[in-house]
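Starting from the known structure of chain A, fit chain B onto it as the hints suggest.
There are 2 protein chains.
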Amino acid sequence: MKRIEEEILKRGKILPGNVLKVNSFLNHQLDTKLLCIMADEWYELYKNDNINKIVTIEASGIALATIAGLKFNVPVVFAKKGVNLNADNCFSTTVYSYSKNRDYFISIEKEFLSSDDNVLIIDDFLANASAVLGLISLVKKAKANVVGVGIAIEKGFQPGGAILRRKGYRVESLAIVETMDYESQTIKFR
Amino acid sequence: MKRIEEEILKRGKILPGNVLKVNSFLNHQLDTKLLCIMADEWYELYKNDNINKIVTIEASGIALATIAGLKFNVPVVFAKKGVNLNADNCFSTTVYSYSKNRDYFISIEKEFLSSDDNVLIIDDFLANASAVLGLISLVKKAKANVVGVGIAIEKGFQPGGAILRRKGYRVESLAIVETMDYESQTIKFR
Chain A
0 MKRIEEEILK RGKILPGNVL KVNSFLNHQL DTKLLCIMAD EWYELYKNDN
50 INKIVTIEAS GIALATIAGL KFNVPVVFAK KGVNLNADNC FSTTVYSYSK
100 NRDYFISIEK EFLSSDDNVL IIDDFLANAS AVLGLISLVK KAKANVVGVG
150 IAIEKGFQPG GAILRRKGYR VESLAIVETM DYESQTIKFR
Chain B
0 MKRIEEEILK RGKILPGNVL KVNSFLNHQL DTKLLCIMAD EWYELYKNDN
50 INKIVTIEAS GIALATIAGL KFNVPVVFAK KGVNLNADNC FSTTVYSYSK
100 NRDYFISIEK EFLSSDDNVL IIDDFLANAS AVLGLISLVK KAKANVVGVG
150 IAIEKGFQPG GAILRRKGYR VESLAIVETM DYESQTIKFR
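Just so you know, the protein sequences line up as chains A and B, in that order. Heads up: the first sequence is residues 0 to 189, going by numbering that gives the first Met the number 0. Heads up: the second sequence is residues 0 to 189, going by numbering that gives the first Met the number 0.
These are computed hints drawn from the structure, not numbers from a lab. Just so you know, not all the hints are guaranteed correct.
[Said to hold, decoys possible] Below 27 Å or equal to it, Euclidean Cα-Cα: the simulated BS3-like pairs (lysine-lysine) are:
{"id": "1", "chain 1": "A", "residue 1": "K99", "chain 2": "B", "residue 2": "K109"}
{"id": "2", "chain 1": "B", "residue 1": "K70", "chain 2": "A", "residue 2": "K9"}
{"id": "3", "chain 1": "B", "residue 1": "K46", "chain 2": "A", "residue 2": "K70"}
{"id": "4", "chain 1": "A", "residue 1": "K20", "chain 2": "B", "residue 2": "K80"}
{"id": "5", "chain 1": "A", "residue 1": "K99", "chain 2": "B", "residue 2": "K99"}
{"id": "6", "chain 1": "B", "residue 1": "K70", "chain 2": "A", "residue 2": "K32"}
Looking at chain A on its own, in the form it has when it is part of the complex (with noise of 0.2 Å):
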């Protein structure tokens, strides 16, 4: 989506490791017209395929949730991240963070998901997947369905978008950073 990419190229800072920050209008910072910008793509992407309910994870993804449960008219449920307290009336799974090298629970509890739910799931970043990967695992234990992946930026030099489209899961990422480099401050879209 052209208006995301300029928005990186204009906004986003690359750091080291690969790091791409966008803090000024995703993930700390909201641009919320921005936001909107985003779910109306979603919307026109998935507004035939009759989403009941959008599933994300705290904390980056609730905002662009949030916008996009308005565009459908739809409940937002988003999983909380942190110790499994109480299993008996929640799907939990574990999920491994790259980022900071260890696993942590997610968790929904029973009463927000059920078979009759069609799930758009949405996030901010897509890299190795794990989050994703962890929310679709819940979905299942649900019984319900996964109708697709909602991502405003997909690294596309690592596997996550791969590895979903692999197992035929429908993404649609925004923006897909095909490359980029620290020291020229260059990004180069798919």
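Same frame as chain A, now just chain B:
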């Protein structure tokens, strides 16, 4: 606000220890339409106050603040919780969590708050006001102005609201729970 009180009565659950569980619409599953009604109310209350930034804290405040950001047409900044990794480029402070019985750091990167900012602070709950006082502290470190605070549900039987109002802050809570009782599952609003 009548509508929020009705939703609390209909969908809230009182747990032991003065816990009011509203995660079916406010802080796990998000009823985006209801959140819009809440943001509309804050907009009516603060629309003449030249708000140019909304500040909240991850994770439960993000959805409300995002929709409020859309209504006010201003950026949203959410404070991050966790360790104080980089004090040089952040405004940081410590907040005491009564529910977890420990201190935690919150921080906002300096580039996202400045002395030009007229800030509305948004959060889902107000009980002891630890989080809001922490956010006020960050805003003051930036020499920005706190115009007021917008709260979804204030626990009127806990001291937070009184503490903030005694300090001269304008606090607009959409529902103020005066008393609640676990045995009878009854709630009275102020």
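| task | Given the hint that K99 of chain A pairs with K99 of chain B, test it: the Cα-Cα distance must not exceed 27 Å. | result | Holds, at roughly 22 Å.
| field | Distance restraint between K46 of chain B and K70 of chain A, which requires alpha-carbon spacing of 27 Å or less | value | Satisfied, since the Cα-Cα distance of roughly 24 Å is no more than 27 Å.
| query | Between K70 of chain B and K9 of chain A, is the straight-line Cα distance small enough, at 27 Å or below? | reply | 25 Å, holds
| request: Decide if the proposed pair is consistent with the structure: K70 of chain B and K32 of chain A, CA atoms, cutoff 27 Å inclusive. | output: 10 Å, holds
| task | Take a quick look at whether K99 of chain A and K109 of chain B sit within 27 Å of each other, Cα to Cα. | result | Within the cut-off at roughly 24 Å; holds.
| field | Pair hint outcome, K20 of chain A versus K80 of chain B [Cα-Cα no greater than 27 Å] | value | Holds, at about 18 Å.
Taken one by one, the earlier hints all hold for this structure without exception.
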